[in-house]
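If you want the building blocks of each chain, they are given just below.
Number of protein chains: 2
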Amino acid sequence: MASALRASRGLRSMGRVAAGPARCSFKYTSVRALANSSSAEASFLPDEPVGPKVVTPIPGPKSQEHIAELNKVFDTRSLNMLANYQKSYGNYISDPDGNVLLDVYAQIASIPVGYNNPALLEAAKSDQMISSLINRPALGNFPSHDWASILETGILRVAPKGLNQVFTAMAGSDANETAYKAAFMWKKQQERGGPDVEFTEQEMTSTMVNQKPGSPDMSIMSFKTAFHGRLFGSLSTTRSKPIHKLDIPAFDWPQCSFPNLKYPLEEHVEENAAEEKRCLEEAEHIIKNYHNPVAAVVVEPIQSEGGDNHASPAFFQGLREITRRNNVLLIVDEVQTGVGATGKFWAHDHWNLQDPPDIVTFSKKAQTAGYYFGNPELRPNKPYRQFNTWMGDPARAILFRAIIGEIERLNLVEHTANVGDYLYGEIDKLARQYPEKFQNLRGKGQGTFIAFDNPKRDEFLLKAKSLGINIGGSGASAVRLRPMLIFQKHHADILLDGFEKLAKSV
Amino acid sequence: MASALRASRGLRSMGRVAAGPARCSFKYTSVRALANSSSAEASFLPDEPVGPKVVTPIPGPKSQEHIAELNKVFDTRSLNMLANYQKSYGNYISDPDGNVLLDVYAQIASIPVGYNNPALLEAAKSDQMISSLINRPALGNFPSHDWASILETGILRVAPKGLNQVFTAMAGSDANETAYKAAFMWKKQQERGGPDVEFTEQEMTSTMVNQKPGSPDMSIMSFKTAFHGRLFGSLSTTRSKPIHKLDIPAFDWPQCSFPNLKYPLEEHVEENAAEEKRCLEEAEHIIKNYHNPVAAVVVEPIQSEGGDNHASPAFFQGLREITRRNNVLLIVDEVQTGVGATGKFWAHDHWNLQDPPDIVTFSKKAQTAGYYFGNPELRPNKPYRQFNTWMGDPARAILFRAIIGEIERLNLVEHTANVGDYLYGEIDKLARQYPEKFQNLRGKGQGTFIAFDNPKRDEFLLKAKSLGINIGGSGASAVRLRPMLIFQKHHADILLDGFEKLAKSV
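Going down the list, the sequences are from chains C and H.
First residue of the first sequence: 1, per this note's numbering; consecutive thereafter.
First residue of the second sequence: 1, per this note's numbering; consecutive thereafter.
Hints listed in this document are in silico derivations from the structure and should not be mistaken for laboratory results.
Some hints could be false.
Given that identical chains are not distinguished, each listed pair holds provided it fits within a single copy or across any two copies.
[Stated by the list, open to error] As a list, the in silico EDC-like pairs of lysine to aspartate or glutamate whose alpha-carbon atoms are at most 20 Å apart: (1) Lys212 to Asp252; (2) Lys504 to Asp458; (3) Lys456 to Asp349; (4) Lys125 to Glu282.
Next up, chain C with everything else stripped away, as it sits in the complex (with noise of 0.2 Å):
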């Protein structure tokens, strides 16, 4: 397939050619698409580029210009791509030097539907959105007449098994802290005898300094690698990089160990199961015993900036079991693996659980952020309790109502289980071929949320792009795929032949 691959005509698009005035125009079309017939499958956007295109370098020369204009005044040294949006789409982000490449990494994997999706475009044209643009609300104290059904039709359309209330937010890590909070008050609650107990004159002199019993010493467990976000009470549950925490303080929160699956999984069943069990035990020990008594644990699906780590259905069960005999809340971090990526709308939904997670949180796909629970004694027992000026934006929430409509016409969910089984097969073939660039493949059964290692991962990803694709790393060597949800079986193609041609050449 190689010297196949070399001689397409298609692939020459794919590597970087001089700057300057582009011409080369021709269209993209994967071997391995023609070899297996999935060229001829149809887009779901049917205007989407048949493939990536590489004209300059990366970045080229408009995008250097617009990034030394940029870093005059805005911090450019994470900038992994400059793009140009208006002409992006479906599966397909360009950059101002006429550079379209397949964005496996959908802005850090939450572009749900594609860019320049036309369901979204429309939804962004209607006049509830504009009223929302224009108009935004104090939600907690001014809520519009159709908030409710802007609700009910969107957000809590797809609201997990077993929890019917929403607590609106912006983004992921504001969306953990008020679930943190919650539970804090939950359990607080709990311990005074009650919501109709008042607080005591000491509780409310003490808080305002900051201090016990009014400001307690509880506690939120997380576990090693996990990512929660950076503000300081989600980045006192971070626990995926030094960089991201160095220098900030952080509250005296406990963690635990997260499984280290060793793979194949099927050849390390019983060493494995041991693992999972000898973590449920310290997670066990740690509820019980920690010097700052413990509220929940927040456990990510697939612990996601921390190098895609998985543990199994067994090992959360155990959690929630735990979690519930200890009357401590379960907030289950669906920031990343929520909405439809892992073959599921939920990830937690691969778990069979009988007991729902406590709380669920959700942000990036949703295009909007929050959490959902289901238990009443979760409202606080007063109000302004839980509270903020915007509690979130409803123009993002009628987007993620469109986002909804649009995985239900096309059935992505399931689409992307398939696809997922699709890509994981071929990359676990790559995997005999190449072991050394695709080390502990991972993320069978998962959709597209697949990962492996490689020795040399910055300098795959970077090279990708030379070939036109944009994909993301997570923890230490990992590379993640998050590709949208409208991606197919010929995109796929085209990403497999750049991983053949990686693999040969990083």
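Chain C is fixed; fit chain H onto it per the hints.
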């Protein structure tokens, strides 16, 4: 004037009438406005209602139905009034029952240029807005080619004097928290010996378990009765009311007395100067001695949620000197005071500082959020230290640009200074007539950012609604006025008529 008011045909519309099919739709004209010819003044928005209209008790029957539906899925206990934003216009907020209220609360001080402002409508329909809505970027990684231009023609066009950089955020809380993070990183970098000194192994391992030295015991000093937000870091600097803080773990950070000025100011000159001196001495003592070293001081130009507490320019000049002398940052929280309401674009413009604040945070009327800074050392020394997925929202930044355009077109900052002077003068007259009802009138020369205390504040606010006026409170007993920037003399007259009526009945 009282009998004239009662005789006014218009005023009947301000009283509660029985619920039921509303037939009354006559127009309201303030007697005060007729008397001083401001009724002839043209509205900035020509199609604005001429006055409030109250046709049912609030909430009326239709609102009650919507509230009951909303309450099933969303906590409504802090609900003030259900709104129909499609039918609201300019300074007037409407509800589903046909009530139309003059809105001098404006979504907790966050609507700048009126409901359904035509210029914002146009911006909301623009291609750039629509693209920003449906192609939401991860701004730190993949900014759009026009992001520099959106910043320069919008957020940065109104940057406070001396500050030319911005970090964009989502709302007031995370604007403040990211500013605090910048302060901690700056302070630790100084201690470490500059941007090129690498983190130690001990710092990197200790921060992963939330312990020093990697997660240092440093602090942000705030002031008593301050409000800076409700996430864990911002809440640790908020000192307004116990209900905001109870049961939520907090950092051991210090608070300093804020001047408790006596009114009228001109009768307490020496006393107030002594009070400000005392507070400044306390501030310096805390900065020099607090056991968790202070990296920054955060202060509101006017403490807003805490009850509209003012201090003089001399106090803030002193605070700038003290923070500079002690090498800690001065963060000015302009979330509520910014964007014109005080008769200057930024409230701290009133201070005439030669040495600008290190950081100024903004949100609310900007409809987007973030922090300004000027010192390049406030960019952390490495990428990804100050970072998150979305880092703000270009759609909201585009809206701020349109707001700025409207402020410039209508000269709304100077206008607000003038109408504020008029409003203050007239309330001052009422205060002389009804001293018990308008205590501690404050905000002279501060645009429409005016407040007073009323011993029956909550009843005052409630009854104002039945008179067709939506007003907010703050602190324990303050009535705070937060009209929009398009609030004009004829609106002021309607408000003043209402105040006079309230003074007699509450």
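Here's how the hints hold up against the structure:
1. Taking the shortest Cα distances, Lys212 and Asp252 sit within 20 Å of each other both inside one copy (14 Å) and across copies (10 Å).
2. Proximity of Lys504 and Asp458 under a CA criterion of 20 Å is satisfied intra-copy only: 16 Å inside one chain copy versus 73 Å between copies.
3. Proximity of Lys456 and Asp349 under a CA criterion of 20 Å is satisfied in neither setting, with 34 Å inside one chain copy and 52 Å between copies.
4. Taking the shortest Cα distances, Lys125 and Glu282 never come within 20 Å of each other, neither inside one copy (52 Å) nor across copies (54 Å).
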